[in-house]
Amino acid sequence: MAIFSKDEARAILEKVMKFSKADACEANLNGSNGGNIRYARNTVSTAGENSDVTLVVQSNFGKKSGTATVNEFDDASLEKVVRRSEELAQLAPENPEFMGPLEQQTYGESKTYAEATAKITPEYRAQAAANSINPAAAKDVTAAGFLEDSYGFASMMNTKGLFAYNRSTNVNFTVTMRTNDGLGSGWATRDYNDVSKLDTAEASKIAIEKAVKSSTAKAIEPGKYTVILEPAAASDLLQNMLFSMGARQADEGRSFLAKKGGGTKLGEKIVDERVNIYTDPFNTEVPASPWTQDGQARKKMDILKNGVVSNMFYDRYWAEKQGVAPVPFPGNAIMEGGTASLEDMIKDTKKGILVTRFWYIRTVDPQTLLYTGLTRDGTFYIENGKIAYPVKNFRFNESPVIMLNNLETLGKQVRTDGNLIPYMKIRDFTFSSLSDAV
Amino acid sequence: MRRRDFVQLAGLGAGAMMLPVSAFAKSVDPSRLLEPALDVIQKKRLADVALNASRSAGASYTDVRIGRYLNQFVITREDKVQNMVNTESFGTGIRVIANGTWGFASTNDVTEEGIAKAARQAVAIAKANSKFQTSPVELVPVKGYGEVSYKTPIKKNGFEVTIKDKADLLLNANARAMENGASYINNILFLVNEQKYFASSEGSYIDQDVHRTWPFFTVTAIDKDSGQFKQRGSFSAPVGMGYEYLDGRAEDKIIGPAGVTLYDKSYDMVEDATMAAQQVKEILSAKSVEPGKYDLALEPSHLWLTIHESVGHPLELDRVLGYEANYAGTSFATLDKWETKKFNYGSKQVNFVADKTQVGSLGAVGWDDEGVKTKEWDLVKDGTLVNYQAIRDQAKIIGETESHGCCYADSWSSVQFQRMANVSLKAGEEQLTPEQLIGGIDKGVYIVKDGSFSIDQQRYNFQFGGQLFFEIKNGKIAGMLKDVAYQSNTQEFWNSCVQVCDSRDYRLNGSFFDGKGQPGQSSAVSHGSATTRFNGINVINTARSI
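Chains as they are written, first to last, in the numbering used here: chain Y, 1 to 438; chain S, 1 to 546.
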């Protein structure tokens with residue numbers, strides 16, 4: 001019910017456009033079916049399903065715009081929602097930054113939908129949870145996890161002839177395994193568009209191993225260490241950096257990309273030349289919607305090339321003001337990796353620390369992108385090419401910009417949080433204190 | 001990429017990134033926010049449909065929440081209103097126990113048929129989940145209260161103030177900031193109204209009208225020559241009050257140490273924006289802190305967040321028991337420590353109370369979301385851990401005969417669970433002003449308002465920043481500092497507490513956005529304290545060059 005086909009969505013949106021009497025009108029029709037299961041203490045705690053479909057209509061008169069929403073799609077309801085958006089637009093103050101609807105665009109072919117995910121049942125979720133809980137219970141370990149899946153569509157149309165439609169599916173799984181003596185903890189995360197790639201037993205096995213192996217953690221002095229970051233550990237820091245690459249913030253002088261004396265670091269080398277980060281909505285491992293919520297086409301595009309800032313993100317208003325083409329915010333990020341496996345990277349490390357993940361990451365200084373946070377769920381000391389022993393968790397204070405300047409080795413890529421991120425070996429990573437947390 | 005930081009691209013400050021919009025919220029005309037929904041008679045009739053339908057289907061317990069959640073956001077920067085968002089979310093959530101197991105279902109079809117169907121669905125889910133249940137749910141008793149009501153004691157309903165008046169206030173404050181040398185200001189007003197009707201098979205029919213208000217700005221100053229930029233956030237608090245919070249009455253202003261103007265039960269946005277612009281320029285040229293051990297004097301507008309993270313969270317019983325292990329984490333304050341009755345959480349000066357009753361606080365309601373009358377209780381007494389925060393299905397585990405009344409759901413579509421009550425540090429018994437407290441410190445830092453924050457998943461190790469930092473030398477404020485953060489461990493930190501100012505200095509601050517659960521739910525909570533001294537805390541310098 002909540003999922004409309006391309007033709008059904010087009011038919012509804014065409015009616016909306018016909019009712020419009022404003023200077024311009026744009027409508028987004030989105031819907032989704034979702035489900036989840038949560039477990040803790042080796043038993044299911046909550047499970048649920050939800051579905052929703054919403055039509056949002058925005059009308060504008062000049063730079064005055066109004067928005068109204070409805071979830072009924074008969075002709076009378078559609079006309080009513082258009083009239084209401086027009087009334088609100090007439091009452092609204094002028095927004096000097098309002099940008100009218102876009103002309104018709106051309107989009108690439110979407111790869112975000114997988115049939116298997118759209119057909120997930122409550123029984124599938126219960127079994128996925130059981131496949132995680134049962135091996136834990138057999139090993140004196142307690143499982144807590146969460147599986148969430150969604151199948152949705154997004155569509156939009158405007159009075160300038162733009163029409164866009166996309167279907168997508170997603171599944172996210174995280175699991176934390178804790179030894180029953182409270183001394184060891186392990187974690188794993190998986191996310192896919194296609195649920196047939198998900199094996200909760202495989203992910204749970206890794207988390208159980210980490211929990212058991214981390215239960216005799218030693219305290220070592222905080223300081224600067226060579227670290228091997230698993231992709232899930234590096235992911236949040238890298239995403240935080242990408243989120244801070246808005247052109248407007250940089251042009252206004254309040255960004256790590258702003259330069260002393262004015263101007264920005266666009267075109268300048270800011271990290272190691274082996275760092276290449278790009279976006280590609282059509283990558284089959286990490287597909288993203290071919291268009292943005294305001295109808296702009298997404299394309300493959302460099303963000304950092306050979307360590308140089310190749311693009312900052314311009315919304316349509318700021319692009320027009322600066323006289324450049326808009327650069328929409330990317331739907332995914334892909335960091336090029338190398339060929340080394342994690343085992344190869346450990347073998348090649350004399351002294352270092354393997355980090356499973358970071359937790360509670362917060363900005364300390366937006367000027368330098370200094371972040372603080374802690375290691376969690378599996379932190380190990382590496383000595384002479386081998387994992388020597390588990391260590392207590394650390395607090396770090398580090399900037400992804402400094403981190404990417406201290407790059408030693410890039411390993412294989414792994415999908416994490418919708419992005420492709422490689423294992424990374426980094427020198428001189430700053431751990432500033434110890435934590436007793438397990 | 002996640003959408004969570006979408007707004008950051010528009011250059012808004014940290015607090016603006018998560019608009020606390022309820023599930024299934026629809027954008028509406030602002031006048032809709034003043035229209036009444038169902039009257040109490042209609043709500044009771046619908047609630048009885050749910051109670052009867054679930055009982056017939058085999059439920060041994062049922063509660064039904066008919067909720068209407070209204071939000072308004074006015075979003076401005078410098079001389080522009082960037083956006084105005086008005087949302088309404090209306091529906092019903094039904095929670096049951098069948099076969100000793102919880103089941104929950106929700107619907108936005110608030111008709112007799114829709115509600116009966118959801119009630120039966122909740123029972124079916126409970127029965128299906130009961131196959132996995134290892135021990136049946138046990139609820140501690142609660143009184144049936146009959147037909148009762150509660151309303152946040154507001155003087156002015158913010159939704160009745162015209163959008164133009166609100167926008168004018170924000171734009172006026174923005175103009176003062178710009179005149180006083182700010183490079184930019186982002187200024188946002190959030191208004192929340194929860195109209196909640198609760199009924200349960202225990203015999204309660206509770207109608208509540210809850211209001212919250214939060215004005216928030218960030219002023220930025222840029223020094224083009226050095227390429228430095230600094231920010232100062234507003235000294236406002238999110239409050240459980242109406243629009244009267246923005247009256248900025250003279251009697252609610254406090255001139256604190258270092259000449260900083262602070263606010264109590266009402267807030268002067270225009271004055272604060274003016275000061276923020278002046279102070280943020282001062283931060284640019286302030287002395288960078290020398291790292292080392294300092295005695296800290298922490299102002300209530302700062303200390304609330306340290307209390308929230310290092311006391312409020314670890315004393316949530318669901319975290320202690322492991323229900324949040326995969327997300328928010330567990331707790332160092334384990335049951336065995338509590339059972340000794342000797343666990344030294346802090347020094348003798350440290351007394352923490354939890355409550356859902358303080359007037360003006362974000363947590364204040366008459367009854368919680370499972371129909372328990374709210375109250376106040378001790379968590380830490382004379383430094384010793386004495387209790388947790390627990391709801392009806394947990395209270396028995398810690399030997400309590402009644403729930404603490406801290407159950408909450410952020411929407412009709414979310415299942416209610418244990419959430420943090422207001423958790424506050426009791427003011428000192430002896431007469432002590434902040435000036436006297438600072439007067440006793442030889443080498444210290446005085447910190448005003450919360451800033452950066454991070455704590456581990458069991459709530460041992462933390463690091464906090466702030467908005468304004470002042471060096472204390474030989475009992476006197478010796479100028480502004482920058483690049484300050486302090487690191488400590490919860491138990492060590494609260495044991496280093498040596499002085500708490502008296503009740504004249506006690507004030508509330510808090511958060512609209514306390515996150516917990518999967519799928520995530522947001523809750524609003526306040527924390528009170530007076531200015532407090534901690535000895536020998538590790539201060540780090542956060543300046544870097546990239």
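Since the hints were derived computationally from the structure, they do not count as laboratory data.
Think of the CB as a built atom: it goes at the ideal place given N, C-alpha and C, for glycine as much as any other residue.
Careful: at least some of the hints might be erroneous.
[What the hints assert, rightly or not] Simulated crosslink set (DSBU-like; lysine-lysine; CA at most 30 Å straight-line):
hint, chain 1, residue 1, chain 2, residue 2
1, Y, K392, S, K341
2, Y, K119, Y, K224
3, Y, K351, Y, K386
4, S, K127, Y, K6
5, Y, K260, S, K341
6, S, K80, Y, K63
7, S, K375, Y, K64
8, Y, K265, S, K396
9, Y, K119, S, K287
10, S, K164, S, K44
11, Y, K119, S, K293
12, S, K342, Y, K224
13, S, K293, Y, K224
14, Y, K119, S, K341
15, S, K337, Y, K64
16, S, K337, S, K396
17, S, K143, Y, K259
18, S, K151, S, K127
19, S, K127, S, K396
20, Y, K218, S, K443
21, S, K131, S, K26
22, S, K143, S, K281
23, Y, K18, Y, K63
24, S, K253, Y, K321
25, Y, K265, S, K337
26, Y, K224, S, K164
27, S, K80, Y, K260
28, S, K443, S, K396
29, S, K342, S, K287
30, Y, K351, Y, K205
31, S, K253, S, K80
32, Y, K224, Y, K197
[Stated by the list, open to error] Sample of chain S residues at the chain Y side, in silico, Cβ under 8 Å:
hint, residue
33, K26
34, D165
35, Q228
36, T261
37, A325
38, Q457
39, Q487
Hints versus structure:
1. K392(Y) to K341(S): holds, 28 Å
2. K119(Y) to K224(Y): Given pair K119(Y), K224(Y) is violated - Cα atoms ~48 Å apart, limit 30 Å.
3. K351(Y) to K386(Y): With a Cα-Cα distance of about 9 Å, the restraint between K351(Y) and K386(Y) holds, given a limit of 30 Å.
4. K127(S) to K6(Y): violated, 38 Å
5. K260(Y) to K341(S): violated, 58 Å
6. K80(S) to K63(Y): holds, 13 Å
7. K375(S) to K64(Y): violated, 48 Å
8. K265(Y) to K396(S): violated, 60 Å
9. K119(Y) to K287(S): Roughly 61 Å separates the two Cα atoms, so the pair is violated.
10. K164(S) to K44(S): The hint is violated at about 37 Å.
11. K119(Y) to K293(S): Between K119(Y) and K293(S) the Cα gap is close to 59 Å, so the pair fails against 30 Å, i.e. violated.
12. K342(S) to K224(Y): violated, 38 Å
13. K293(S) to K224(Y): Holds, because 21 Å separates the two Cα atoms, which is no more than 30 Å.
14. K119(Y) to K341(S): Not OK: K119(Y) and K341(S) at ~53 Å, beyond 30 Å, violated.
15. K337(S) to K64(Y): The hint is violated at about 61 Å.
16. K337(S) to K396(S): holds, 18 Å
17. K143(S) to K259(Y): violated, 65 Å
18. K151(S) to K127(S): violated, 36 Å
19. K127(S) to K396(S): Judged against 30 Å, a Cα distance of about 23 Å means the pair holds.
20. K218(Y) to K443(S): Answer violated: K218(Y) to K443(S) is near 34 Å, above 30 Å.
21. K131(S) to K26(S): violated, 37 Å
22. K143(S) to K281(S): The hint is violated at about 57 Å.
23. K18(Y) to K63(Y): holds, 21 Å
24. K253(S) to K321(Y): At roughly 42 Å apart (the allowed maximum being 30 Å), K321(Y) and K253(S) break the hint.
25. K265(Y) to K337(S): Given that 30 Å is the threshold and the Cα spacing comes to 53 Å, the pair is violated.
26. K224(Y) to K164(S): violated, 54 Å
27. K80(S) to K260(Y): holds, 28 Å
28. K443(S) to K396(S): violated, 48 Å
29. K342(S) to K287(S): Violated. K342(S) to K287(S) sits at ~43 Å, over the 30 Å cutoff.
30. K351(Y) to K205(Y): holds, 27 Å
31. K253(S) to K80(S): holds, 29 Å
32. K224(Y) to K197(Y): Roughly 38 Å separates the two Cα atoms, so the pair is violated.
33. K26: Given a least distance of 4 Å, the restraint on K26(S) holds.
34. D165: violated, 13 Å
35. Q228: holds, 7 Å
36. T261: This interface hint is violated because 25 Å lies over the 8 Å limit.
37. A325: Nearest chain Y Cβ about 4 Å off; hint holds.
38. Q457: holds, 5 Å
39. Q487: holds, 5 Å
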